[in-house]
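S.K.: Sequence:
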Amino acid sequence: MILIIEDDPTINSLLCGILNKSGYETESATDGLTGLHKALDNDYNLILMDLMLPMKSGEEILRELREKKKTPVIVLSAKSDVHNRIELLRLGADDYICKPFDIDEVTLRIEAVLRRVEDKKKSDQLTYKDMRIDRDSKRVYLGDNELVCTAMEYSILELMLSNPNKIFSKRNLFESVTGEDYMSEENTMNVHMSNLRKKIAKLTDEPYIDTVYGMGYRLSN
1 MILIIEDDPT INSLLCGILN KSGYETESAT DGLTGLHKAL DNDYNLILMD LMLPMKSGEE
61 ILRELREKKK TPVIVLSAKS DVHNRIELLR LGADDYICKP FDIDEVTLRI EAVLRRVEDK
121 KKSDQLTYKD MRIDRDSKRV YLGDNELVCT AMEYSILELM LSNPNKIFSK RNLFESVTGE
181 DYMSEENTMN VHMSNLRKKI AKLTDEPYID TVYGMGYRLS N
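The opening position of the sequence shown corresponds to residue 1 in this note's numbering, with each subsequent residue numbered one higher.
Worth flagging that the hints you see were computed from the coordinates, not collected in a lab. It is possible that part of the hints are untrue.
To be verified - The calculated label-pair distances, taken between Cβ atoms and stated as ranges, are:
(1) L89 x D144: 30 to 40 Å
(2) L14 x I86: 26 to 36 Å
(3) A112 x I86: 56 to 66 Å
(4) L89 x E206: 42 to 52 Å
To be verified - With a cut-off of at most 30 Å between alpha-carbon atoms, the simulated DSBU-like pairs for lysine-lysine come out as follows:
(5) K138 x K199
(6) K138 x K170
(7) K21 x K122
(8) K122 x K38
(9) K38 x K138
(10) K138 x K121
(11) K68 x K122
(12) K129 x K70
(13) K68 x K56
(14) K166 x K199
(15) K21 x K129
(16) K70 x K99
(17) K202 x K138
C-beta atoms are modelled at their ideal positions from N, C-alpha and C, and glycine is treated no differently.
Required output: the full structure, derived from the provided sequences and hints.
M.R.: See the structure below:
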């Protein structure tokens, strides 16, 4: 879903029509205040926004939006000077298109921004079997269910999924996730692994962590 914030009804309607024909769902707002409320209350894939808006400017919308959300934003504006574009990018705009614009360029820019966002999402995720780690939100999912982890458990899983073929000794795991020196009598890692296995077992019968006797732990094959 793409939100179009544009006070000119002709341009707003044109953008909605073209994007709908290109396969996108759209919603629109014709003033900045309504646009900001919609942007904050809904999860849009992208926002296409003019700068010169009644009730609240595009700059104000961008500034307030970035305090709470990362929704990608493409700015449409007649302000074409380099300084203005740089300032908007610093505020968090993902792209900038000068008016008057070519509708094909707008469509291509939207596709490019959405592709970058999708690529970033993929790079921010780790997967193994049915387990998925979202590094951005620091959450772990097993199938359709969230695996609720402590900070230590999350760090262990993130490290292991980042190195799926590696065998980790207790010392290696402990020092990597805590940054502290490992004591030979330390039983902390055994406890964390036991708790992780119990949590995983409640959601699936599939094993995820193997003990390699005399060596440490690794992800199950």
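S.K.: Compare the structure with each hint and give your call.
M.R.: Hints versus structure:
1. For L89 paired with D144, a C-beta distance near 37 Å keeps the hint of 30 to 40 Å intact.
2. Checked against the hint of 26 to 36 Å, the pair L14 and I86 passes, with Cβ atoms roughly 28 Å apart.
3. The beta-carbon spacing between A112 and I86, approximately 19 Å, falls outside the hinted interval of 56 to 66 Å.
4. Between L89 and E206 the C-beta distance comes to about 45 Å, which sits within the given range of 42 to 52 Å.
5. Restraint check for K138 and K199: the C-alpha separation of about 17 Å stays at or below 30 Å, so the hint holds.
6. With a C-alpha separation of about 23 Å, the suggested pairing of K138 with K170 holds against the 30 Å cut-off.
7. Note on K21 and K122: the hinted pairing holds, with a Cα-Cα distance of about 28 Å set against a maximum of 30 Å.
8. For the given pair, K122 sits about 27 Å from K38 by alpha-carbon distance, which is consistent with the 30 Å threshold.
9. Of the pairs offered as hints, the one joining K38 and K138 holds, with about 26 Å between alpha carbons and a cut-off of 30 Å not exceeded.
10. A C-alpha spacing of about 13 Å is found between K138 and K121, which places the hinted pair at or below 30 Å, so the restraint holds.
11. At most 30 Å may separate the alpha-carbon atoms for a hinted pair to count; K68 and K122 meet this at roughly 22 Å.
12. Straight-line distance between C-alpha atoms of K129 and K70 comes to about 29 Å, which keeps the hinted pair within the 30 Å bound.
13. Restraint check for K68 and K56: the C-alpha separation of about 17 Å stays at or below 30 Å, so the hint holds.
14. Restraint check for K166 and K199: the C-alpha separation of about 22 Å stays at or below 30 Å, so the hint holds.
15. Among the hinted pairs, K21 with K129 is inconsistent with the structure: their alpha-carbon atoms are about 38 Å apart, more than 30 Å.
16. For a cut-off of 30 Å, the pair hint linking K70 to K99 stands: about 25 Å separates their Cα positions.
17. Only pairs whose Cα atoms come within 30 Å are accepted, and K202 paired with K138 is accepted, the gap being roughly 20 Å.
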